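A.B. asks: Residues per chain, in single letters:
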Amino acid sequence: MAAVKETIDTVAKLETYEHGFVTDIEMEFAPKGLNADIVRFISAKKNEPAWMLEMRLAAFERWLTMEEPDWAKVNYTRVNYQDLYYYAAPRKKAGPKSLDEIDPEILKTYEKLGIPLKEQMVLAGVEGAPKYAVDAVFDSVSVITTFKDELKKSGVIFCSISEALREHPDLVRQYLGSVVPVSDNYFAALNAAVFSDGSFVYVPPGVRCPMELSTYFRINAENTGQFERTLIIADKGAYVSYLEGCTAPQRDENQLHAAVVELVALEDANIKYSTVQNWYPGDAEGKGGIYNFVTKRADCRGARSKVSWTQVETGSAVTWKYPSCILRGDDSVGEFYSIAVTNGAQQADTGTKMIHLGKNTRSRIISKGVSAGRSSNTYRGLVSAHAKATGARNFTQCDSLLIGKTCAAHTVPYVEADTAKAQFEHEATTTRLSEDQLFYAMQRGLSQEEAVALLVNGFVRDVLQELPMEFAVEAQKLVAISLEGSVG
Amino acid sequence: MTQLMPLDLFDQSSYPNRRVEEWKYSDLSRALREIPQKDKVINVDLVSRFAAQGFAVFTVRNGNYDGLNEALAASNGRLWIRHLDEGVTGPVVGHQGRAVLQVADDQSLTVFETYEGQGAYAAHTELGISLGQNSGFIRIVVLDEPLNALSIRRSTIDTKPGAKVHQAVFSAGAQFSRFETHLNHAGHGAEVTLDGAYLLKGKAHFDLTTRVTHGEVDGVTSQTIRGLVKDQATAVFQGRILVERGADGTDARMRHQALILNDGAHIRAKPELEIYADDVQCAHGNTIGALDEEAMFFCQARGMDEATARGLLTHAFVMPVADAIPDEVLKAAVLDFLEHEAEDYHAV
Amino acid sequence: MLSIQNLTVAVDTKTILNGLTLAVPNGEVHAIMGPNGAGKSTLGYALAGRPNYSVTGGTATFNGEDLLDKGVHERAAAGLYLSFQYPLEIPGVPALTFLRTALNAQRKLRGEDEVSAPDFLRRVREVAKSLKIDMDMLKRPLNVGFSGGEKKRMEVLQMAMLEPKFLILDETDSGLDIDALKVVSDGVNALRSSDRGMLVITHYQRLLDHIKPDKVHVLVAGRIVKSGGPELALELEARGYDEYLGVAA
Numbered sequence: 000m001a002a003v004k005e006t007i008d009t010v011a012k013l014e015t016y017e018h019g020f021v022t023d024i025e026m027e028f029a030p031k032g033l034n035a036d037i038v039r040f041i042s043a044k045k046n047e048p049a050w051m052l053e054m055r056l057a058a059f060e061r062w063l064t065m066e067e068p069d070w071a072k073v074n075y076t077r078v079n080y081q082d083l084y085y086y087a088a089p090r091k092k093a094g095p096k097s098l099d100e101i102d103p104e105i106l107k108t109y110e111k112l113g114i115p116l117k118e119q120m121v122l123a124g125v126e127g128a129p130k131y132a133v134d135a136v137f138d139s140v141s142v143i144t145t146f147k148d149e150l151k152k153s154g155v156i157f158c159s160i161s162e163a164l165r166e167h168p169d170l171v172r173q174y175l176g177s178v179v180p181v182s183d184n185y186f187a188a189l190n191a192a193v194f195s196d197g198s199f200v201y202v203p204p205g206v207r208c209p210m211e212l213s214t215y216f217r218i219n220a221e222n223t224g225q226f227e228r229t230l231i232i233a234d235k236g237a238y239v240s241y242l243e244g245c246t247a248p249q250r251d252e253n254q255l256h257a258a259v260v261e262l263v264a265l266e267d268a269n270i271k272y273s274t275v276q277n278w279y280p281g282d283a284e285g286k287g288g289i290y291n292f293v294t295k296r297a298d299c300r301g302a303r304s305k306v307s308w309t310q311v312e313t314g315s316a317v318t319w320k321y322p323s324c325i326l327r328g329d330d331s332v333g334e335f336y337s338i339a340v341t342n343g344a345q346q347a348d349t350g351t352k353m354i355h356l357g358k359n360t361r362s363r364i365i366s367k368g369v370s371a372g373r374s375s376n377t378y379r380g381l382v383s384a385h386a387k388a389t390g391a392r393n394f395t396q397c398d399s400l401l402i403g404k405t406c407a408a409h410t411v412p413y414v415e416a417d418t419a420k421a422q423f424e425h426e427a428t429t430t431r432l433s434e435d436q437l438f439y440a441m442q443r444g445l446s447q448e449e450a451v452a453l454l455v456n457g458f459v460r461d462v463l464q465e466l467p468m469e470f471a472v473e474a475q476k477l478v479a480i481s482l483e484g485s486v487g
Numbered sequence: 000m001t002q003l004m005p006l007d008l009f010d011q012s013s014y015p016n017r018r019v020e021e022w023k024y025s026d027l028s029r030a031l032r033e034i035p036q037k038d039k040v041i042n043v044d045l046v047s048r049f050a051a052q053g054f055a056v057f058t059v060r061n062g063n064y065d066g067l068n069e070a071l072a073a074s075n076g077r078l079w080i081r082h083l084d085e086g087v088t089g090p091v092v093g094h095q096g097r098a099v100l101q102v103a104d105d106q107s108l109t110v111f112e113t114y115e116g117q118g119a120y121a122a123h124t125e126l127g128i129s130l131g132q133n134s135g136f137i138r139i140v141v142l143d144e145p146l147n148a149l150s151i152r153r154s155t156i157d158t159k160p161g162a163k164v165h166q167a168v169f170s171a172g173a174q175f176s177r178f179e180t181h182l183n184h185a186g187h188g189a190e191v192t193l194d195g196a197y198l199l200k201g202k203a204h205f206d207l208t209t210r211v212t213h214g215e216v217d218g219v220t221s222q223t224i225r226g227l228v229k230d231q232a233t234a235v236f237q238g239r240i241l242v243e244r245g246a247d248g249t250d251a252r253m254r255h256q257a258l259i260l261n262d263g264a265h266i267r268a269k270p271e272l273e274i275y276a277d278d279v280q281c282a283h284g285n286t287i288g289a290l291d292e293e294a295m296f297f298c299q300a301r302g303m304d305e306a307t308a309r310g311l312l313t314h315a316f317v318m319p320v321a322d323a324i325p326d327e328v329l330k331a332a333v334l335d336f337l338e339h340e341a342e343d344y345h346a347v
Numbered sequence: 000m001l002s003i004q005n006l007t008v009a010v011d012t013k014t015i016l017n018g019l020t021l022a023v024p025n026g027e028v029h030a031i032m033g034p035n036g037a038g039k040s041t042l043g044y045a046l047a048g049r050p051n052y053s054v055t056g057g058t059a060t061f062n063g064e065d066l067l068d069k070g071v072h073e074r075a076a077a078g079l080y081l082s083f084q085y086p087l088e089i090p091g092v093p094a095l096t097f098l099r100t101a102l103n104a105q106r107k108l109r110g111e112d113e114v115s116a117p118d119f120l121r122r123v124r125e126v127a128k129s130l131k132i133d134m135d136m137l138k139r140p141l142n143v144g145f146s147g148g149e150k151k152r153m154e155v156l157q158m159a160m161l162e163p164k165f166l167i168l169d170e171t172d173s174g175l176d177i178d179a180l181k182v183v184s185d186g187v188n189a190l191r192s193s194d195r196g197m198l199v200i201t202h203y204q205r206l207l208d209h210i211k212p213d214k215v216h217v218l219v220a221g222r223i224v225k226s227g228g229p230e231l232a233l234e235l236e237a238r239g240y241d242e243y244l245g246v247a248a
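Chains as they are written, first to last, in numbering that gives the first Met the number 0: chain A, 0 to 487; chain B, 0 to 347; chain C, 0 to 248.
Just chain A, same shape as in the assembly (with noise of 0.2 angstroms):
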C-alpha cells in the first residue's frame, strides 16, 4: 500500500518535529496581561458589533470568578495569564484582499507545511483532484481564505470570525454562544472573552458545501495565547464536510491555545469536523509545546441531524479535549472517532460526550489510543440519555496499546443513563504492542520500525477510514513519525 510506504519514507526521513520552525515577521502586539481594557481593545481592533463587546465583558468577568478545571489525568504547570499575550497579529494594512498583500513570509509558512493557498495553484492540479477551501489563521488572525467566490455562488459563506461579525452579524449573533455558553467551563470562558479569530461556515437549507471546508492554525509568535473560535452551521437538510490542522513552532516555553468550536446542525443537516492535530509537543523531556485546552461542541439541533467529529492527536504537550454532540433532535446521530496518539512525555486526556436528550438518538464511539515512551494517554467519555431519550442507542469500543514498560494508558467512561428504552455497549481494551506479531511482520521482512509502523496503523484503521482520503495519509505518516523510536 502506497501509504505505508510513504509513512515508512517519511519516518527514515525526519527526525524532530517538521513544523518546528519559526517565521520572521511583523508583528503586532497588545500589551502582555489580561483586564477588561485588554478585551476591549481585542474588540475594538477588530470593529466589532457593541452586543459581541458586551458578551466578550461578561465573560470575562465570569472567567475571573472561576477555577481552571483539576479533574484531567495531566499534569502541568500552570499558566500564568498575565504573562501571555492575548493578541498577536501580523502587521499589515486593512484585511488582504488577495494573496499578494500578505506578507511573503507567511505564504512561505504555508508552503512550508504544504497547505495550498493559492486557488489557481490547486486548480492547476490534477484533473479530477479533490478541491480545498482553506482559511489560514497565522497567530491570532485569519490571513486568507480560498474559493470564497465559487462557495458563494452556491449559497455557502466561509470566512473569518472577524468577517462573520461585520458581514453576517445576525447569523453570529444568533448562534455563537448558543452551543458553548459562556459559563460552560473556564477555558471556554476565556476564549468567549479574548477570541481573536476562527473560521466561520454557514451552509443554506438543503445545500451540499460543494467542496471540503478546511482551516489551518499556526501559532508562530512567542508568549502567545491562541484563542480561535469556530461556528459551523449547517442548516435543514445541508451538508458539509470541514477540516482542521494545526502546527506551531518548536519552543522551550508552554504555549496555550484554548479554543472554542461550535456547530449547530439543523433538521437534515450533516456536519462531518476532522481534525488532525500536530501542535509542537515539547521535546522528550517535557520542554515546551503546547497546552490544548480545547471545548468543541455539537448541537444537533434538528430531527434527523448527524454530527461526526474525527480527530487525530499527536501534538501538544498536554491535550484537555472532548468533543461532544449534544443529540437534541430525534433520530440524531452523533459520532466520535478519535486516534490519540502520545510519546515522550506528552499526556493526553481526551474522549468525548454524548448526550442523548432526543427520541431514537444513537451515538457512536471509536477510540484508539496510543501510548509509548513516558506519555500518559487518558480516554474520558461520558454517555448519558435523558428520561426521554426513549429508544437512546450507543456503541463505545475504546482500544488502548501500550508501547514500552514506561507509559500510561487509562480509559476513564461515565455511563448515566435515565431511561428503561436505551442501549448502551461499551467495550474496551487494552494491550501491549504484541511481540509475535513483531516478529511475524519481521520475519516477513520488515524493519521493526517498518513493522511498529504497519502494527500500529492497523491498530487505528477503523478511525482513519473515516477521514477524507487525503487527511487519512497525513494522519498515517503523523502517526508512526509521533511513534519513532518508540520500541527498541
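Source of the hints: derived by calculation from the structure; they are not laboratory data. Please note: incorrect hints may appear among the correct ones.
In silico DSBU-like pairs for lysine-lysine, Cα to Cα no more than 30 angstroms straight-line [unchecked claim]: (1) C:K138 to C:K150; (2) A:K420 to B:K23; (3) B:K200 to A:K352; (4) A:K404 to C:K69; (5) B:K159 to A:K404; (6) A:K358 to B:K23; (7) B:K200 to A:K387; (8) C:K181 to C:K131; (9) A:K352 to A:K72; (10) A:K404 to B:K163; (11) A:K387 to A:K235; (12) A:K271 to A:K151.
The calculated label-pair distances, taken between Cβ atoms and stated as ranges, are [as the list claims (entries may be wrong)]: (13) A:Q422 to B:S221: 23 to 29 angstroms; (14) C:D194 to A:E469: 43 to 49 angstroms; (15) C:Y85 to B:G245: 25 to 31 angstroms; (16) C:Y85 to A:E149: 54 to 60 angstroms; (17) A:Q447 to B:A103: 46 to 52 angstroms; (18) B:S221 to C:G63: 51 to 57 angstroms; (19) C:K138 to A:P203: 36 to 42 angstroms; (20) C:D11 to B:D262: 54 to 60 angstroms; (21) C:D135 to B:Q2: 55 to 61 angstroms; (22) C:R124 to B:S221: 45 to 51 angstroms.
Source: prediction; values computed, not measured. For each residue, glycine too, the CB sits at the ideal point set by N, CA and C.
With chain A held as given, fit chains B and C onto it using these hints.
C.D. replies: Then chains B and C, alone, in the frame of chain A:
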C-alpha cells in the same frame, strides 16, 4: 496496608461532597444533612431472615465488633457475621464501628456477611481483611437494609502471593447505601473475583465501588456485576482497576451489565482502567439496556403471562453471580434472597 | 546450502537445542521429525531470529553467509522463510497490504525495484487461484477470523509471492483436513526447484506422503540422533520415537 479515606459519621467536616470525584454519584452531604445522634439506647429484638447451616454466628449490633476475633478463632473457618442495626423514629441514630480480620498463610476462611436492620439509622462500618500467602477467602455479602436507612460499608482486603479471593455482594439498596471494597492485589498467582448483583426498587440508592490495585506481577482479577433497577431507584457502579508500573502479566477483566426496567430509574456506571505497565491483558465492558424483548416474547409464546416472564428473566439476569458462589450453603442462602427480591419485578 | 554446525539454543535460560548439526543443500527437501518437546519449532524460530531464542553456541550459514548476526528482517530478505505453525492475526492490516509491504521491504533491502501495483495484483491473483483463496479474503485483515486451513493457505500464498530461497515449514499440516492438506502441499511442491532448499518440520509422517523428502532426520532432546532416507519416516510412523529417547539421554 490499604488506607481508606477518613470518614466519621459524627464529624460533618469529614463528609465528601459531590465535587469529590470518588463520590460524584453518591452525595453523602446531601443524604445526611444532620449529624446523627450517638449512643442512643435502643432495645429492639431483631431476628435475621437468613440462615446458614454449619456457620458460627457472630452478631454485630449497631456497629459493635467486640469479640469478633474470638468468634473467628472458634469458628472452624466458617463464620457468619450478622450485622443488625436499629433506628428509631425522630432524630437519626448513628452507628459506627470497625474491625480487622486476619487469615493466616495457607488457611481458608468463608465469611457470610449480612446487613439487616430496622428503622431509620445511619451506619458506617469498616472491615479490614488481611490475607496470608496461599490463603483462601470466600466472602458473600448480602445487604438487606431498611429502605429508610443510610448505610456506608467499607472494606479493605490486603492479599499475599497465591491468595485466592472470591467476593460477591448482593444488595437490595437502602435510602443511601454504599459498599466499598479496596483490594490490594499481591499478584504472584493470587486470583481475585469481585462480583456483585443488585436489585433496586422504590427510591433506593445503591453504590457499589471497587478499587483493585495490582502492584505485583502475575495477578488475576475478574469482576462480574449484574444489576436491575426499577421505580425511581438509582444504581451506581464505580469499578477501578489500577495496574502499577512493573505489574506485568496482570490479567484483569471487569464487566458490568444492568437493566433499567422503567423510565425514571437511574444507572450511573464508571468502570475505569488505569494502567502503568505494558505486558498486561485488561478489559472492561459495560452494557445497559432494557429487558430482552425477544426473550420476553419467547417466554410468553411458551405460555407464561407477562409478569411471570418478566420475573423469570429478571431473576435469570442476576443469576450468574449467584451461580458462581463456590459454597453450596451460601449459594442456597443467596438464591433464597434473590428469589424473594425478584418477586417484586414480576409487575413493573 | 543451509549449514548448521553444533547449534545450541536457549529459551529463557533453558537449553533446548544442544549441539545440532545439519546441512540442507539447495534443491533438497529435508524433514525433521521428533517427539513433542524435542526442539523442532525452536530450530525454526532460532534460524529466523525470534527474540528470546538465544543462540549460545555453534553457527548457521546460508549460502556461505552468516545468518545469526543478521536481524530478523535481514534473514527474510536473504531468502529465509518460516511458515508458522500458528500464523499470527494482524488486525486492521489487509492481507494484500501486508504482503505488498513485506515484498517491497525485502526488495528494497536487496536493492531491487518495487513491484508495481498491477504486476503485484496479477501475481497475487494467479497464486490465490491455485491455492483456492478468494480475492475477497485477501482484502480482510490478515488471518483475522480465518480458519486453521485458511491461515495455512495464506502462509503458502505468502511464500509463493515472496519467492524465498529457503523454506522452513513448521508443522504445516497441523489443523488441516485432508483436502486442505492436499491444496497446501501442492502449493509447496510447486515451489520445489533445484535452487531452493526446504526443511519440513513435522510430528507425523502424513505430511511426507504429500511433500516427499530427500532426507529425514530424527530430532530428540535438541540434537539429530539419526538421519536417513524417506523410509526412515515410515519406520518412525510404525515404531514411534521410543527407541531414540534412550539414545539422547
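A.B. asks: Mind listing which of the numbered hints don't hold for this structure, in increasing order?
C.D. replies: Result: no hint breaks.
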